[in-house]
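There are 2 protein chains.
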Amino acid sequence: MEQHVTEEWEKFSALLSKISGYNEAIGLLHWDLRTGAPRKGAEVRSRTVGMLSGESFRLETSAEMGRFTEFFSRPAIMNQLTDIQNKIVKDCRKEYERSKSIPPERYEEYAVLAAHTETMWEAAKENNDFASFEPFLSKIVDFKKEFIDYWGVKETRYDTLLDMYEPDLTVKKVDEVFSRLRSRLVPLVEAIAASPNKPDTEFLNRIFEKDQQEKFGLFILEQMGYDFDAGRLDESVHPFATGLNPGDVRITTNYLLDNVTSAVFSSLHEGGHALYEQNINKELVGTPLAQGASMGIHESQSRLWENMIGRSLPFWQRYFNDLQQHFPAQLVNVEVEDFYRAINNVSNSFIRIEADELTYNLHIIIRYEIEKLIFNEGLDVKDLPAVWNAKYQEYLGITPPTDSLGVLQDVHWSGGDFGYFASYSLGNMYAAQMLNTLRKELPEFDEWIAAGNLLPIKEWLTDKIYQYGQSLTPSQIIEQVTGEPLNPDYLADYLEKKYTELYKL
Amino acid sequence: MEQHVTEEWEKFSALLSKISGYNEAIGLLHWDLRTGAPRKGAEVRSRTVGMLSGESFRLETSAEMGRFTEFFSRPAIMNQLTDIQNKIVKDCRKEYERSKSIPPERYEEYAVLAAHTETMWEAAKENNDFASFEPFLSKIVDFKKEFIDYWGVKETRYDTLLDMYEPDLTVKKVDEVFSRLRSRLVPLVEAIAASPNKPDTEFLNRIFEKDQQEKFGLFILEQMGYDFDAGRLDESVHPFATGLNPGDVRITTNYLLDNVTSAVFSSLHEGGHALYEQNINKELVGTPLAQGASMGIHESQSRLWENMIGRSLPFWQRYFNDLQQHFPAQLVNVEVEDFYRAINNVSNSFIRIEADELTYNLHIIIRYEIEKLIFNEGLDVKDLPAVWNAKYQEYLGITPPTDSLGVLQDVHWSGGDFGYFASYSLGNMYAAQMLNTLRKELPEFDEWIAAGNLLPIKEWLTDKIYQYGQSLTPSQIIEQVTGEPLNPDYLADYLEKKYTELYKL
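Line order of the protein sequences matches chains H and U.
To get the working numbering, take the position in the first sequence, counting from 1, and add 1452.
To get the working numbering, take the position in the second sequence, counting from 1, and add 1452.
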């Protein structure tokens, strides 16, 4: 590298490191607000978060950032950079151009509206009052349509939104994988609904003391290889994982006294996210690459641990005895096979976040199809409840009795997060495809799980996925790991096999 | 206020509010590091704290800050400001001028050295090796002497340092109050040493479970009127209080299993600091006045609660029964009078932070006299151990057997904090003087404490002290509250009365 290029890179690194410092501070302020900050400090605290976010955004869109990304994108300079350096430049430039393309006053109006719309959504959901929410949501949609114009339309207008969460993902690709998935899942869901082999789930809803739930959760996280010297477990209303830096990746869970599995599976899920971030190569610290490759790849790691490992029979052949020891009275006389069937109970229900592993994907497909209608077909916001209910009837055979149980259930749209939902099912698809390779490369996969020997799995994932952080794109990762592009059949195969056996179809 | 002045004030307020946002974030990052942040994240975290501190310092010393403080200090503009606004301008200008007077490259060299010297101090203390520490400490002292030249010498060179922690305090004043105090305390300490009436303290050092200690601490904090909706209690190696904003003032304590009083009194102490910050007028939020008036006034509030209330007989007449209920086995057959005598045991010891209420002041006076020798009389750093030991022999009748138990015991000097120690005894003096007025204005003071009716005391302190934050100077506060300037006789009177009775002198 020429001397002046080295010098410029050092200055650029200092700027990136400053941005990442802001993000660490903002992350901790958020974590603290959700885990135990006193309520009377929240108002000032929110202003502080706003101030720091503003500073970070100012740096990301600064003239300096513009100059650096332009300079390092010149072919003669690019040639002197490593692959990782080029990826950093590319990602920063994309972010810079995306942010700069929106007139600042329009972005500010949008940010204020989005914050307000989230508040309106909370009230609307509570009062089952879509009409009060509709004018705000319409404005959010209008803003997003305006932003798509600033950002530039790819193949279709909705592609622009998908790309924000899953780089290079297109409607064409999602349509293909979702329709293949849907065509295989809908009959499976119907067959299960018709099956007489319903599991007994009553014992999952006895009263389980919080202390014991917490102890068991800590034990499972340790078994997964979660590093408590680089993280901690706390309690919050909604479970989450937050990577402040790769040496400080925190997770939270929520304990329901009358539901022993909720905290177990949320710990496995958030633990999966956290293992990813804890094992990102330390050399990426202080750069925008020290995070997951995309929302979908991140979700694949949480789903792999939560569902494909955590809801498997070998896992509970090893750990059910431990769970019973934590709750001897509640789980007396329960057999591991009955427990396994209970935690995999399929039921066509209204609420996405409570859905089982199988029908979850249909909840996502419905949202994806509706978002596509809004942005590519001009579906009017006022028609959302009707479209929503029709799709639930078509795919799940049930019609939400109220909008609170239907179109009003998720927070995402009120905050302008269109294009995000697809990542959840992409995560499941990536995970199943990775699982297939994992089983081939580690043929003793099931035996190891049944023996509680989980660390080789964590090591394989670190080697193949975790360490790279965002230095590879989602498509590079899935192809590098599995040798082929995203293929929804792995998920469909996995689900068909699992549920055919479970429900003796 | 003229229109253009109003507009300028709004811009100035935005700058102040941004600085205070940085300080809130830095405060939380520190709190988190000390209460439970995972160790592997600490290195990146320290860099983040450094970055944010740098940003905050940059704003405090910015050209903008210079322009604002110059503008608002013009007589024609000052006339249009409220008292509080004028105090804000005055404090910001003082800070600005102090910081700007040091050449940035010298300050940076100093900051690096100070950080390194703290590390060297830790090792030197552990190895009882003053010689290895001496060259570093010498450089710190040289830097401080150089800074005094930049800052400007007041009456004596050491005055410049005192003023940083206690505005307008001078050697002349401290000499006067400390010599009066010393002349009354030394004979009292000698009389106690000669007294045959030694209390039994054995029962304080039985084994006390942490859970019960925590429960009792929470109970006492609640009794004091500490607002748990605007704060929280956590555990850390060294107890501290930190006001992130007046709606979020956190305290920590440390539990020693074989010492039940350590956590109780540190909770009362930190609780006193926290009550102060929780009750600062909300209108000061986002300005530099939303903090205590000075180190000494702050310390007066912690000492008042810890010692004058918390180590009083009426307090334990009310609460000893509660403590016994938390530890029935450990405190069986202990009478409240015996407990009261035990917690007020006087013993001439080497370590300041473990000293009793009485001899504590002598530890401080020794440090003050030594600092004065260094900065006003040219005492050489290499002679510190000898001077230290001689003073301990003179005032406390004991000679430290090692430097670790002597001159190496405190962290302050290694970080360049000269001028700070005096605040601790000033706090005791302010507190005793305030207590005298408090007893006059609330004649039922002792009966109320004995009845557990502590809230009127908190209200009186809020009314007279807490609410003002830093909008009054320390001298304004002590004169407004007690009608006279700082007078050391109140502390001497209080201690003489208390210990004459306790030791039947």
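Hints are computed from structural coordinates only; laboratory data are not their basis.
Since the structure is predicted, the reported quantities are computational estimates derived from the model, not experimental observations.
Be a bit skeptical, because a hint or two may be false.
When chains are identical, the list treats them as one kind, so a pair holds in a single copy or across two.
Computed cross-link-like contacts, BS3-like style, restricted to lysine-lysine with a CA-CA straight-line distance of at most 27 Å [what the hints assert, rightly or not]:
| id | residue 1 | residue 2 |
| --- | --- | --- |
| 1 | LYS1552 | LYS1463 |
| 2 | LYS1734 | LYS1542 |
| 3 | LYS1667 | LYS1843 |
| 4 | LYS1492 | LYS1734 |
| 5 | LYS1463 | LYS1546 |
| 6 | LYS1552 | LYS1542 |
| 7 | LYS1606 | LYS1624 |
| 8 | LYS1492 | LYS1910 |
| 9 | LYS1463 | LYS1910 |
| 10 | LYS1625 | LYS1956 |
| 11 | LYS1470 | LYS1492 |
| 12 | LYS1492 | LYS1916 |
Under a CA distance limit of 27 Å, which applies to LYS1552 and LYS1463: within one copy, between copies, both, or neither?
So LYS1552 and LYS1463 pass the 27 Å test inside a copy (21 Å) and across (25 Å) alike.
Between the shortest in-copy and the shortest cross-copy C-alpha distance, which are at most 27 Å for LYS1463 and LYS1910: within, between, both, or neither?
Classified as neither: same-chain Cα gap 36 Å, cross-chain 53 Å, threshold 27 Å.
Is it within, between, both or neither when you check LYS1492 against LYS1734 at 27 Å Cα-Cα?
Close across copies (11 Å), not inside one copy (38 Å); limit 27 Å.
Evaluate LYS1492 and LYS1916 at a C-alpha cut-off of 27 Å and name the case that applies: within, between, both or neither.
So LYS1492 and LYS1916 pass the 27 Å test across copies only (23 Å; inside, 45 Å).
What label fits LYS1625 with LYS1956 when the C-alpha limit is 27 Å: within, between, both, or neither?
Close neither inside one copy (33 Å) nor across copies (90 Å); limit 27 Å.
Checking LYS1492 and LYS1910: alpha-carbon separation at most 27 Å within a copy, between copies, both or neither?
between (41 Å within a copy, 19 Å between copies)
What label fits LYS1667 with LYS1843 when the C-alpha limit is 27 Å: within, between, both, or neither?
Cα proximity of LYS1667 and LYS1843: none, with 41 Å in one copy and 54 Å across.
One pair to classify: LYS1470 and LYS1492, alpha carbons no more than 27 Å apart. Within, between, both, or neither?
Answer is between: at 20 Å across copies they meet the 27 Å cutoff, but 30 Å inside does not.
Classify it for me, LYS1463 with LYS1546: is the Cα-Cα distance of at most 27 Å met within a copy, between copies, both or neither?
within (19 Å within a copy, 33 Å between copies)
Classify it for me, LYS1552 with LYS1542: is the Cα-Cα distance of at most 27 Å met within a copy, between copies, both or neither?
So LYS1552 and LYS1542 pass the 27 Å test inside one copy only (15 Å; across, 40 Å).
Between copies, within a copy, both or neither: which fits LYS1606 and LYS1624 at Cα up to 27 Å?
Intra 11 Å, inter 77 Å, cutoff 27 Å: intra-copy only.
LYS1734 and LYS1542: within-copy, between-copy, both or neither at 27 Å Cα
within (20 Å within a copy, 46 Å between copies)
Checked against the numbered hints above, the structure violates hints 3, 9 and 10; every other hint is satisfied.
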